[in-house]
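Residues in the sequence shown are numbered from 11 upward in steps of one, following my numbering.
Be a bit skeptical, because a hint or two may be false.
[Unchecked claim] Restraint-style ranges between C-beta atoms, simulated for each label pair:
1) P118 to L248: 13 to 23 Å
2) L145 to G185: 29 to 39 Å
3) P93 to L248: 22 to 32 Å
[Said to hold, decoys possible] Here are the simulated EDC-like pairs of lysine to aspartate or glutamate, each with C-alpha atoms no more than 20 Å apart in a straight line:
4) K68 to E83
5) K68 to D210
6) K68 to D159
Since the hints were derived computationally from the structure, they do not count as laboratory data. C-beta: ideal position from N, C-alpha, C; glycine also.
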Amino acid sequence: MNVTTPRVSLPAALRSLIRRSQQTTPVRAVPLARAAWLGAGTLPLLGCLTSFSIGASKATTPIPGVSYRGGFEAGWRHAVNQPAYFTWMSNALVAATSLTLAARREAPSADSFWAARTAGLGSVMITGIVYNSVLRGAEQGTALYRFNDTVQHIVNPVLAPLVWALFDPRGQITGRRVRLGAAIPLAWATMTMARGPRIDWYPYPFLDVARLGRRTVGLTLSGILAVFLSMTASLGLLDRRLAG
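Turn these sequences into a full structure, and let the hints steer you where they fit.
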């Protein structure tokens with residue numbers, strides 16, 4: 011028996027907006043697309059910059075139950091440690107690639123750029139999922155911290171893929187670029203696990219090797235990488251769907 015799967019169509023207004031925004035996007039960025047990329051790049055950039063300010067004024071947060079005892083006092087050492095967080099890395103990738111698209115007259119064509127773009131999109135979505143399902147706790151007191159927390163963990167994980175779907179040129183997320191992009195979170199994980207025992211500190215409690223064991227932490231990181239590959243591959247499928 012043949013089963014026909016119904017096609018899921020986008021709303022007419024959304025399809026029209028996508029067509030208008032992308033008719034010239036592969037070559038020349040239209041003003042609406044440029045404004046969207048500018049906004050989608052400026053917000054994570056502000057998130058990354060305010061992270062430095064927060065690190066300079068606030069020590070690492072003690073986490074109950076972890077075995078590691080290292081950390082950073084408020085000051086420049088904690089400020090320059092901010093890129094060690096997956097959240098910072100993912101938002102920085104989105105900021106850099108979005109602002110590049112906003113600034114250029116023509117969309118980049120290099121594999122390296124689109125691998126970084128793909129890595130940023132996949133990583134920032136993982137940031138939103140992991141933070142809001144596992145790590146989210148009590149709100150912090152300062153307005154700056156609340157702004158930083160909201161932008162990096164709630165707004166950007168939704169805004170970045172939305173702007174990509176509406177305005178990025180189609181056909182750029184390929185299997186090769188997904189694999190190249192996966193090298194970025196893999197490098198982050200490798201550096202984090204190599205650095206952790208030396209400074210007796212990890213950016214997240216689920217990386218606590220002494221308490222959880224190498225096998226458990228390895229499986230956790232493998233699971234995160236698998237989710238990353240699945241999500242970026244899904245973006246590639248959606249990319250081809252939108253192109254059609």
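Given the hint of 22 to 32 Å, is the C-beta distance from P93 to L248 inside that range or not? Taking Cβ atoms as reference, P93 and L248 lie about 29 Å apart, which means the hint holds.
Between K68 and E83, is the straight-line Cα distance small enough, at 20 Å or below? The hint holds at about 7 Å.
>> Looking only at beta-carbon atoms, does the pair L145, G185 fall within the given range of 29 to 39 Å?
In response: holds, 31 Å
Next on the checklist: Just to be sure I understand the hint, the distance between the Cβ atoms of P118 and L248 should be within 13 to 23 Å; is that true here?
Outcome noted: The hinted range 13 to 23 Å holds for P118 and L248, with Cβ atoms some 20 Å apart.
With the threshold set at 20 Å, check whether the alpha-carbon distance from K68 to D159 stays at or below it. holds, 14 Å
message = Hint check: K68 vs D210, CA-CA at most 20 Å. Holds or violated?
response = holds, 19 Å
Hint check: no violations occur; every hint is consistent with the structure.
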